[in-house]
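Q: Quick mapping for you: the protein sequence lines, in order, are chains A and B.
Plus 56 on top of the position in the first sequence (first one is 1) and you've got this note's numbering.
Plus 97 on top of the position in the second sequence (first one is 1) and you've got this note's numbering.
These are computed hints drawn from the structure, not numbers from a lab.
Any given hint might turn out to be false.
As the list claims (entries may be wrong) - Below are the DMTMM-like pairs computed for lysine to aspartate or glutamate, each with C-alpha atoms no more than 25 Å apart in a straight line:
no.	chain 1	residue 1	chain 2	residue 2
1	A	LYS281	B	ASP182
2	B	LYS183	A	GLU72
3	A	LYS403	A	ASP353
4	A	LYS250	B	ASP182
5	A	LYS274	B	ASP155
6	A	LYS373	A	GLU354
7	B	LYS183	A	ASP251
8	A	LYS274	A	GLU293
9	A	LYS99	B	ASP155
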Amino acid sequence: MSGERVLMCGNEALAEAAIRAGCDAYFGYPITPQNEVAAYMSKRMPEEGRVFVQSESELAAISMVFGASAVGKRAMTSSSSPGISLMQEGISYLAGAELPAVVVNVMRGGPGLGNIAPSQSDYFQATRGGGHGDYRTIVFGPSTVQELVDYMALAFDLADQYQMTVLVLADGILGQMMEPIVFEKRPGRELPPKDWALTGANGREQRIVRSLWLAEGKLEEQNRKLQAKYEQICRNEVICEEYKLEDAEVVIVAYGVAARIARSAVNRARDEGMPVGLIRPITLWPFPTEQISKAADEFRLFLTVEMSAGQMVEDVKLAVAGKAPVLLHGRCGGGVPSVDEILDIIKELSLSGKR
Amino acid sequence: MQTVFKRTPTLKDCPTHYCPGCGHGIAHRLVAEAIDELGIRQRTIGIAPVGCAVLLYDYIDVDCIEVAHGRAPAVATGMKRTSPDKIIFSYQGDGDLASIGAAEILHAGHRGERLTVIFVNNAVYGMTGGQMAPTTMLNQVTATSPKGRTAAEQGYPLQVSEIMALLPGVIYVERTALDGATGVRKTKKAIKHAFELQIEGAPGLALVEVLSPCPTYWRMSPAKAMEWIKTEMAKVFPLGRLKG
């Protein structure tokens, strides 16, 4: 099916994309709404002569990823919000040990068991590291099944390039929704050799994968090294889309599925003569701070639309840095904003002439 | 002069951080000797636990990884499934394996992962200051059982090897004790066999439980601690081959 259009749901499409990106091993534990990933992998990975293991828990799944990654293989897991919370232990260890991994979170409503409706309420957890310690993960927030497919390959490349976890943040809608997609073979990045992988000390010195640094100053040094890497990522890896920003008075900032709805609202607003544009972060970390900061010099008002009680809005405010008002339209607990809701807010803003 | 004993190459020539009379030093040597005698140093990967043996890699000269508390059997699964030609062993204490990692060891055994597990049982949490472990003996005084463990309050000592031996995916379970020269020799034999099974590709997990002295947190002399293994621990944790 390479190059031709196929109809697939997001969960299966991302699984196929991971296989095509050279994923050697998938480990996972059942949780809705991402069960199609493991089901697909359980069939396809053995066909490719690769590894599929259903783990006893999410703690174990991420630890299996840790092990497979340490021996130099491309490994991934997927889960949904409560399961991703359990994986934070392993994600912190991956950060400490500087091991590559790809983790997909098909977000659902929380906190607690929450519900199985789509949500974006794991934004804080995803973009702030999530577990203990000073670390980050690269976070993608795709908004279509095609993007989900396209960014899987980049996720594996970035994980290997920077030796860290790349998180793909989808939601229940994206995971379940079927869309026509094309699996395109794109050239991958040139990657450094895995000269840290545990392959047996054959004709070389022992290698150690560790995150414990007890000697005085050593852990701070290791943390500085991580931070330098993160700064490099902030400079080089930001991806964001700007849509109809010309002469916009109101700029909506939204990602993932919420951005699709926001895009429709922008189109309708434009049809009705209201100058509205959209900034869509595709990498949520690194966040497009510069792009939004620049926009804040030109445009008068920002409206963040997200499926949470207001999480990304904090990054938008940090980027805008007081140069313009930043409003929030957040739906939470599985609520999904409608185009009409967003249009109503825009209309009210235009009428009131807020600045 | 005739050399009757020498350090095996895979055991590094350095002092350890272990307390006087601790069993880890002996257990490390036995693992290193088994690796050298079987000629597998170049393809062996060791997994260090969280606990006193977290610095395993400072003493055993093979590729090593340090993992989250209790997760060694899951990490080992990720390694062995993707690199079946490598010899993977985990080295875990009783807090690590029998408490926080109970699910991971049970399910690695349940799945029949082809791994070698060295389970060092010294009936306390050593690194954190001698707290009660699942394997702590009844009446044993620890930092968190100051009046001694009672069955009513804290339950009975957990017999992990007996549980593991019930699983079809576990092919070999033996409990030995570092309580003297004979015990050390038996332990060496058991550890070596647990590696041999993996080398042969035997279909399942091999586990050796090693009863090991912790004079510091048992508040005993090293000699008394070895005696205590014989007279007390071995009653609750019977020695011998449980399976395979």
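Q: Tell me, which hint numbers fail for this structure?
A: 1, 2, 8, 9
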